[in-house]
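Chains as they are written, first to last, in the working numbering: chain A, 114 to 609; chain B, 114 to 609.
Keep in mind that the hints are not guaranteed to be accurate.
Cut-off 30 Å, straight-line C-alpha distance, at most; resulting in silico cross-link-like pairs (DSSO-like, lysine-lysine) [what the hints assert, rightly or not]:
no., chain 1, residue 1, chain 2, residue 2
1, B, K126, A, K578
2, B, K126, B, K264
3, A, K269, A, K130
4, A, K273, A, K126
5, A, K126, B, K130
6, A, K401, B, K286
7, B, K286, B, K233
8, A, K126, A, K265
9, B, K130, B, K273
10, B, K273, B, K233
11, A, K130, B, K578
12, B, K401, A, K286
13, A, K233, A, K126
14, A, K578, B, K130
15, A, K548, A, K372
16, A, K578, A, K372
17, B, K548, B, K578
18, A, K264, A, K126
Hint data in this document are derived by calculation from the structure and do not stem from the laboratory.
Protein chains: 2
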Amino acid sequence: MFDSAELGQSLDKASFKAREPELREALLEAQFDLRDAGFSVVVVIAGMEGSGKGELLHRLLEWLDARGVAAHAMRAPSDEERERPALWRFWRRLPRRGRIGVFLGSWYADLFLSEGSESKLESPLRRIVEFEDLLADDGTLVLKFWLHVTKKNQRKRFEKRAEDPHDAWRVTKRDWDLHERYDELIERATHVLRRTDTGTAPWEIVEASNARFRDVTVAERLLAALEERLARPAPEPPAAPELPVPPAVNLLSSLDLEKRLDEDEYEQGLDRYQGRLGLLVRELAETKRSLVLVFEGPDAAGKGGAIRRVTRALDARFYRVVPIGAPTEEERAHPYLWRFWRHLPRYGEVRVFDRSWYGRVLVERIEGFATPEEHRRAYGEINAFEEALADDGVVIVKFWLAIDEAEQLRRFEARERTGYKRHKITADDWRNREKWAAYEAAACEMFERTSTRAAPWTLVAANDKRHARVEVLRTVCERLEELRGPTDEGKKRKKR
Amino acid sequence: MFDSAELGQSLDKASFKAREPELREALLEAQFDLRDAGFSVVVVIAGMEGSGKGELLHRLLEWLDARGVAAHAMRAPSDEERERPALWRFWRRLPRRGRIGVFLGSWYADLFLSEGSESKLESPLRRIVEFEDLLADDGTLVLKFWLHVTKKNQRKRFEKRAEDPHDAWRVTKRDWDLHERYDELIERATHVLRRTDTGTAPWEIVEASNARFRDVTVAERLLAALEERLARPAPEPPAAPELPVPPAVNLLSSLDLEKRLDEDEYEQGLDRYQGRLGLLVRELAETKRSLVLVFEGPDAAGKGGAIRRVTRALDARFYRVVPIGAPTEEERAHPYLWRFWRHLPRYGEVRVFDRSWYGRVLVERIEGFATPEEHRRAYGEINAFEEALADDGVVIVKFWLAIDEAEQLRRFEARERTGYKRHKITADDWRNREKWAAYEAAACEMFERTSTRAAPWTLVAANDKRHARVEVLRTVCERLEELRGPTDEGKKRKKR
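From just these sequences and the hints, can you work out the full model?
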């Protein structure tokens, strides 16, 4: 894998001086065009100790216009980062469209230094491939550089540094330990590079024994990739979306919407499950878990009311309701899921999403805000997103509150009569109502494609609000109880 | 202070039921109008244990439209928060215009429970007054509620809770300890409330022994304040700004811009101070400090070049350059300083601002983006901001790189000739040049008003780039050395 990076390639001072001005000019030129080009650039710099990752970063920052590039030389994660899914710290640093983000100590850092069997890496590697695929699909130009040094080069480099009074502190015992492990580490790196060398985000191996050659090579590849991408014609504007038609028999139409609770059953249900939920949520922190609730459903399905019955059981310090409406400018300048990553809870916390990332395959699909290609891709992206969360301790419970057209009409009309609910109904709501069948079809497709083991959908009959609310509370409790192992009560219930 | 909140005021169930629908409707109505009203609302809920802060929060969240309100019941600070100025965690949670933020365990929480002499509170109290003044001046409606319970009420409440099997866990040993300290704590609270009861952000004392009375009282005051503010006529559009005229003799005109270094002096200077700076910055983390560098000056004064000479001395993991251009939509929806609070460093880190919050009194003043009132207020806000930072371990070094008009012209022309610098010059730059005198006048006023002990300005003669770069490096080094106490070298220098 590294043969062509052990040829002793180098660049002498004079050639470097001769090439630098032109290279720099072209980079700035490309950066200038990038500003309005509608995509971002992510550069990963990886390599063994002594390959000069930091030096290369300094050089790139010198050549590029500082206003359009941010460098992220990652340190140990903060507690806010440790208590969230592994990729959270990188999502929060993703560059916005028109900008370049250079990552040193990237999402690969832990893998290159990991010990133990290769099979343990499978899951993190898959997450990385999914992450980079998502970026690339969103239009991000992803460039990954492995700076290669041989074991001999590495030793020479450490020795030279150790002799320099200015630099000696930079060679630590850890460096020499890593040098001892060179063969093992290069084997691990080979595996990681091979597994993540994808068509959308390929690795570039760069010979790094000569600093000038290394820096010019990376800069030239960055430039070529940028120029190639900038020269691509803008994509065709998408055609108007076709409204999907629901199958005659489907999950929603087969749901019995008429399930009801009377006042007593309702009060008992609330009391029982709210008490239990309060206790269960207090256990989350100890077990390094957090809870994400997703509420979807037609307008006026009763999402807000159901959410309040959940949050009333919770300590205000540990939950937040996140209402999802139109994205902000900063959110639009990032990949679609960025705005949801932003709001992920820490261990012990609950986040309730009042509408969610599923907007992509519902309203955005039907109104044509997402292209057909985008909404089709979204299923996979969302499944990967939820799986990554679940792997890192996030419990996800997703609700679809189902009402029928007649019930919605009754509620709309009632809202228009009730003063304080008047603002809850807008012209958009009436318009959406006309597309009822399309929404139903989109929802059914969504259930089919995104009901995963990590995050199954729960369809709740919601024509009766009382039934829906208790059902939601019960489902959350049972989900949390399942995860901590069967309780006595749980066992009893299963027997019945 | 609490006499009128110990009258035993309460509201019976029937009256509560009768008032609730109308109150709720009016709140939603007001919230609806708030959405486009261009200001935000900050609600602080404070009070002793047992006053029902959490219950009140739950009730408010039930009455308000969840889409326009966020509750922040603060927990212990994260490490990202602990390593930044105290108010950072609240700045990051400020609601955007059109929204309501409710804070429980706010910036007051530590003060109410603090022990020791009142004089120790002076500095934190002053910061709070400054902070709330800034919010109010920015148009934020700041409402602060103290929920008052007597010692007797508190005991009753704890006893009642302890008897309830659902609630017993909520009464902890800490609660009873606080109950023991009631008299001392209420005295401390009185002091804090008095000192922070300002015209722009007054405290409302609310009798809290009866939950219904408490909740309706707070909601009604919130409503009245919202309605009053919404009814205020929109402010007059500001008149075009008057361009300031510089005094004939001023700090800039009296600066000797012709100081020069030859190539050898330059190389020696870089070498000497970059080495020193690298070492000094590595000491920051140990002493719980961070470093903020501010670079201002005319276009083409050489800010970017000077910054690169600084960052070259630093480990890429510990610094970031923050270029300040036009604010994003989210930034515009918050008070002016929000976008700078966002970028403050953690202990051990360096942030370099390429242009900064001083834009408010320079370009925004002169181009009329800030009203005359806003730019005049900005001096005080900025001084308070920098002082708060300095108090919490942030070392601030501010540079004005000074060049004269002729030098700027030479550099503009040279940039237009040099390909890779062509994009660094825009039509705006030529336009700004025509207002040279106004910028000079604004800068001189800025030096006078914002050169504080905590954060003095350093004017650097920059007609010669070499001189300017070494001067910048030297100043940063000396500033950091001063702070760690005199070194041998420092002592020698002072003797000379």
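So, going through the hints one by one against the coordinates:
For a cut-off of 30 Å, the pair hint linking K126(B) to K578(A) stands: about 24 Å separates their Cα positions. This hinted pair checks out: K126(B) and K264(B) have alpha carbons roughly 25 Å apart, not beyond 30 Å. Between K269(A) and K130(A) the CA atoms are separated by roughly 25 Å; this keeps the pair inside 30 Å, and the hint holds. For the hint pairing K273(A) with K126(A), the CA-to-CA distance comes to about 19 Å; that is within 30 Å, so the pair holds.
Proposed proximity of K126(A) and K130(B) is contradicted: the alpha carbons are some 84 Å apart, above 30 Å. A distance of roughly 26 Å separates the Cα atoms of K401(A) and K286(B); the hinted pair therefore holds under the 30 Å criterion. A distance of roughly 27 Å separates the Cα atoms of K286(B) and K233(B); the hinted pair therefore holds under the 30 Å criterion. The hinted pair formed by K126(A) and K265(A) meets the criterion: a straight-line CA distance of about 23 Å does not exceed 30 Å.
The suggested pairing of K130(B) with K273(B) holds, with an alpha-carbon distance near 24 Å, which does not exceed 30 Å. With a CA separation close to 37 Å, the supplied pair K273(B) and K233(B) exceeds the 30 Å bound. The straight-line distance between the Cα atoms of K130(A) and K578(B) is roughly 21 Å, inside the 30 Å bound, and the hint therefore holds. Proposed proximity of K401(B) and K286(A) is supported: the alpha carbons are some 26 Å apart, at most 30 Å.
A hinted pair counts as satisfied when its Cα atoms are at most 30 Å apart, and K233(A) with K126(A) does not qualify at roughly 45 Å. Of the pairs offered as hints, the one joining K578(A) and K130(B) holds, with about 21 Å between alpha carbons and a cut-off of 30 Å not exceeded. Taking the CA atoms of K548(A) and K372(A), the gap is near 25 Å; set against the 30 Å cutoff, the hint holds. Pair hint K578(A) plus K372(A) holds up; C-alpha atoms about 10 Å apart against a cutoff of 30 Å.
Distance hint between K548(B) and K578(B) is fulfilled; the C-alpha atoms sit about 23 Å from each other, no more than 30 Å. Distance hint between K264(A) and K126(A) is fulfilled; the C-alpha atoms sit about 25 Å from each other, no more than 30 Å.
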